[in-house]
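Q: The lines below spell out each chain.
4 protein chains.
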Amino acid sequence: MSGSTLGNSFRIMTWGESHGAGVGVVIDGCPAGLALSEADIQQFLNRRKPGQSRFATPRKESDCVEILSGVFEGITTGTPIALMVRNENQISKHYDDLASLYRPGHADFTFDRKFLHRDYRGGGRSSGRETIGRVAAGAIASKLLAELGIDILTFTKSIGPVEVPASAYCFDEITGNPLYMPSAEYARKAEAYLDELRMQQNSSGGSIECIVRNMPIGIGEPVFDKLDACLAKALMSIGAVKAVEVGDGAAVSTTTGIENNDAFTTADGKIVKNTNHSGGILGGMSDGSDLLLKVAVKPTPSISQVQQTVTKDGMPAELSIHGRHDPVIVPRAVVVVESMVALTLIDLLFENMSSRFDKIKQFYSEETS
Amino acid sequence: MSGSTLGNSFRIMTWGESHGAGVGVVIDGCPAGLALSEADIQQFLNRRKPGQSRFATPRKESDCVEILSGVFEGITTGTPIALMVRNENQISKHYDDLASLYRPGHADFTFDRKFLHRDYRGGGRSSGRETIGRVAAGAIASKLLAELGIDILTFTKSIGPVEVPASAYCFDEITGNPLYMPSAEYARKAEAYLDELRMQQNSSGGSIECIVRNMPIGIGEPVFDKLDACLAKALMSIGAVKAVEVGDGAAVSTTTGIENNDAFTTADGKIVKNTNHSGGILGGMSDGSDLLLKVAVKPTPSISQVQQTVTKDGMPAELSIHGRHDPVIVPRAVVVVESMVALTLIDLLFENMSSRFDKIKQFYSEETS
Amino acid sequence: MSGSTLGNSFRIMTWGESHGAGVGVVIDGCPAGLALSEADIQQFLNRRKPGQSRFATPRKESDCVEILSGVFEGITTGTPIALMVRNENQISKHYDDLASLYRPGHADFTFDRKFLHRDYRGGGRSSGRETIGRVAAGAIASKLLAELGIDILTFTKSIGPVEVPASAYCFDEITGNPLYMPSAEYARKAEAYLDELRMQQNSSGGSIECIVRNMPIGIGEPVFDKLDACLAKALMSIGAVKAVEVGDGAAVSTTTGIENNDAFTTADGKIVKNTNHSGGILGGMSDGSDLLLKVAVKPTPSISQVQQTVTKDGMPAELSIHGRHDPVIVPRAVVVVESMVALTLIDLLFENMSSRFDKIKQFYSEETS
Amino acid sequence: MSGSTLGNSFRIMTWGESHGAGVGVVIDGCPAGLALSEADIQQFLNRRKPGQSRFATPRKESDCVEILSGVFEGITTGTPIALMVRNENQISKHYDDLASLYRPGHADFTFDRKFLHRDYRGGGRSSGRETIGRVAAGAIASKLLAELGIDILTFTKSIGPVEVPASAYCFDEITGNPLYMPSAEYARKAEAYLDELRMQQNSSGGSIECIVRNMPIGIGEPVFDKLDACLAKALMSIGAVKAVEVGDGAAVSTTTGIENNDAFTTADGKIVKNTNHSGGILGGMSDGSDLLLKVAVKPTPSISQVQQTVTKDGMPAELSIHGRHDPVIVPRAVVVVESMVALTLIDLLFENMSSRFDKIKQFYSEETS
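Chains as they are written, first to last, in this note's numbering: chain A, 1 to 369; chain B, 1 to 369; chain C, 1 to 369; chain D, 1 to 369.
Some hints could be false.
It does not matter which identical chain is meant; a pair holds if it fits inside one copy or across any two.
[Said to hold, decoys possible] Derived pair list, reagent style DSSO-like, types lysine-lysine, alpha-carbon separation capped at 27 Å:
1) K361 with K312
2) K359 with K189
3) K312 with K49
4) K189 with K49
5) K312 with K270
6) K359 with K270
7) K359 with K312
8) K49 with K270
9) K189 with K361
No wet-lab data here; the hints were simulated from the structure.
Same shape as in the complex, but just chain A (with noise of 0.2 Å):
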């Protein structure tokens, strides 16, 4: 099957190891129309480019996108639009003793076990580098998103204990501080947090959440493809995500139905909820309200102090992975999580479109006139 492919009206096929000749992207079934430039793409690639704090791995990839085809003249064309960064620095040797270890947390031992044949440098397709292609096509479909009025708002929640409570959002710090925390205070005590980690040669998880405003009502379709099922896949895909939660979220397990339900009031002529704890989403359709997500992240499972494994043949070994590693995913996942709810919404807005057949028929009506 085609495990690297996503998406069915705005589809893309990402593609890259570690420490091959690059990663990139095609994304097959962006509309003609839409002005787009290296640029575009290259701005959302720089949120998750390593060596912009202390709190991500010092390594120095310059991430340049090159547009290979798709847009001419500025303009997409509705082809498909290929999308090309050449890895650089990769210093293979820090991989080598890596071969024939297993590291705990890591994808080496299952992708053996699945391939029998894997490019171990680097963890190759496995590696953070993969979502590479996710974030080039993710800015796509942020820009077709923001055209259409709709908006995404992605921050870090969490790191280890350190939660920004709903009640402190500042938006506006969002971007500045290097863990993209909506407080700059909590960031404060999330760096310090972090600090002593690294001394220690661990790592931290943490949580992201994920706001979407203005989305038209009815997106998602019902039964399997539900906007928040498809939200749950894109989401639990990345490599270190282990929840995603919609609206309340796992607390709707102890709550009543007379509190979780969200009545239904008017406001400037329009029917809305009173409430939110749907986190946008009736019957796998966008009610109105913001979309609230949230996604848990694991640790940094690559940390330096001494771990416990066994190499391919099952002999017990240690392991001490040098190199360079983030302390904590979450920062640098934060524009990944946006890239693939962006990435979802704009399949879903497209399908949509066939769900009425008045709408159908007026579409036609003005085409053949």
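Given the structure of chain A, go ahead and fit chains B, C and D onto it with the hints provided.
A: For chains B, C and D alone, kept in the frame of chain A given last:
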């Protein structure tokens, strides 16, 4: 697009509304050679059937399944298997007043906005009866898994504040109580809690846990079709599910790398993990440990307590839902969760067969010899 | 994989065997808001119904269709539409001797080798009755097309050596003869030819032509999902079809560029082609001229003349197929061809809606305003 | 939708325009363990490379392929294989005047109407260079088939009126002439015919035949994904193809049942057919005989003879296409046909692996033991 289709190699398409002629499913991709009877499917359907305890709606529905195609002389033929359950006991008048009202927590509003024209009777396509198709197909997927030696255990982890700690799990007791809890003692506590809520005309949320044992290693595709990603979509597509967790789930956000990494070791000459924080999945592929999944289920939105809402035209209205509804969705959802997991696993097991060329060559060499 | 699923935005899944409980189809992706009754579908099914002339099997089958879901108060709801036709008049004993024999020109042998276990009664899944699901879904696709102003005309082009030249086409006469030929005169000649063959216990091949008028321009996707490519797959998937031609078809191999190119000009202020060698498709997209399609249909393989064959075990055997079979497949296949074309066009018309971003923006601006 | 994606288990996505940065393909679903080098692919690409004879455009293009991912130490890893060919020798000025003119027989008009904004340089996405991605992927599919013992033979059947009769086939001579005809003698006749047409500034159509030997039995799925249906789509998706025939093809329309049925018999203890009118396919599944396929290719639409056309604004215009074009497409299309067949067969071979449960059980019992 096709919101009622799930899977690729083992593909199902469900159909049917609460008060239409019936509900059903077609399975396209079930291999030939499986012994299959209506009893195999009925047994699964009975686990979601209402009227079995005071914690489920007293509606009496026989929900008898009919195999319409794909089985000849008790054996599957490899052609599509069509399954149908006729609707009975439909008291539409209960719902006539709901034609113009939007029930809080239900899909009435979003269905109306997406499609303009909806079958409002009993929730139509968004009724719990929609899951009959899932469970009927899930019964077949489960039988295939069982013959492959893969075993799925699903149960109620919590109802409201009453949560069974893993230390108290007694799996033999699951079928011994109407709530499918792995502890008779906690089940009694939960029943008391539900009785109280019912007197308040209220309902409760809860959570369901699923454990899959004896998974082959390497199932799931890297990147977008990861095992956990596909499971997350399948589980989040269940109407009332608001959170999906794998392994330690949301808890990973507050843990550290050294705590969260599962060390590799050997046992009986096989490479295994010392712990299972990962929930049996590394890099999106099964790692040989048990799969550990958990979902949060929201409280039944249909409560007889008076709620504020609006009419289709936005006029304020008061709503008190009578008719017959479960005080908690969880017990009947247990088999739905198990079905969605089974459907996802079978699909990925089939996909996985073309991952390695040595296995493909072996397959066809036998074929042609 | 899923051999019984067709389409993407307008997806159908068919099911059923010749002598099972019935045959049917589920349509996932039909938009909401189409007026639809069982009569709309029955009328289409009747065009393929046997027993209507001496050139079709005298089997009497009522083939009454039942709408099981997706339609409420006579209007489609946007949810899956399940359609079923119960099987009747099944005289399985006619086929008992075929359990162990491979009929020449039939799928008995290949089904046996692929699946090992097959429903041999009346050809099981490879029976002509499999097309009932296609035609039932095709009736809905055709109604959607008609409301979009797109008109499909399908007829018998030739039976054996009797071919109606385009110069003799009189479309009013198509329904006036049992062979659906656009010429009463040629129909009489073809009937005489068929009478002769029947006396010889033999059967005849033929060809079917399909003309689609008033197609919007630009339908079909460049590269792999070209309009002609999708039509070719849909048409070649009809059991007896062995060739598919578009426009001048096979004749282009002996022509030259200057002859084959259709010059552009203008008429009524619109850009049109002077000729239509292309058959209404350029670069895989509709060009505004009529779509011109032609398929070749092989002779009915079931003949009562004695044939040489083998048993499952490879033992030589003589076969003389009795029971009731059409001396020619073509007339009953006309509506199947029309259905496959309609299903393909609707799917591509829906896909096309997300080709241009200006149209998408317009769609959602209306949506949200 | 995604017009540049083909296949399911072995999925490819192609990209690139004639005068953009390059053209390429990503293959998602190639199994791990295949030895693969750039030379394997280059050798295939060279068969479609221009400038090799006076019957192909003298454009000199090196068309050097680069493997960007999915191969490690010369062996495929099971992850996506990205292949790229940089564009060179782009003389865009040749095409500047075509920005506003619609070339007869080309996709300029339909691209413009579908997408509004198009890359007109050299036909952009509809250029023959689009097939480079197909052929690069086809080279991999062909290598997989070869290792499974399946052999594809493709050649020029006819050019204009010069058709090689089957009786004259000498397959050793195919590569001995620039037209890839299975007869040096007929190739000379065809060359003479082409020289004449070139002097008339005209071009010729032709036909291509493809024979697949040693197919396993039962490949292809019943109903919609029949082997012949999938092949028809793949072949009709080649820009210039206007007809696809299987086995006796269009000729079946004038034959009778007793003539067209292939009698079964046994040879070397295997069940075989006495004849092969079916072209190796019964009921949409391979029947063990050679696959016999034929396509009709239209004449090169780019001719320097003066043609009538219109501008984008509908103004009448005269067009004489200079620049460098093939007098016939057929010879360079031979490897494209072979590639499309190979891609389709591999995809269906992989799909077929989950058809029988006994084989699946065997697969996983080996896996887990």
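Q: Output the numbers, in ascending order, of every earlier hint that fails for this structure.
A: 2, 3, 8 and 9
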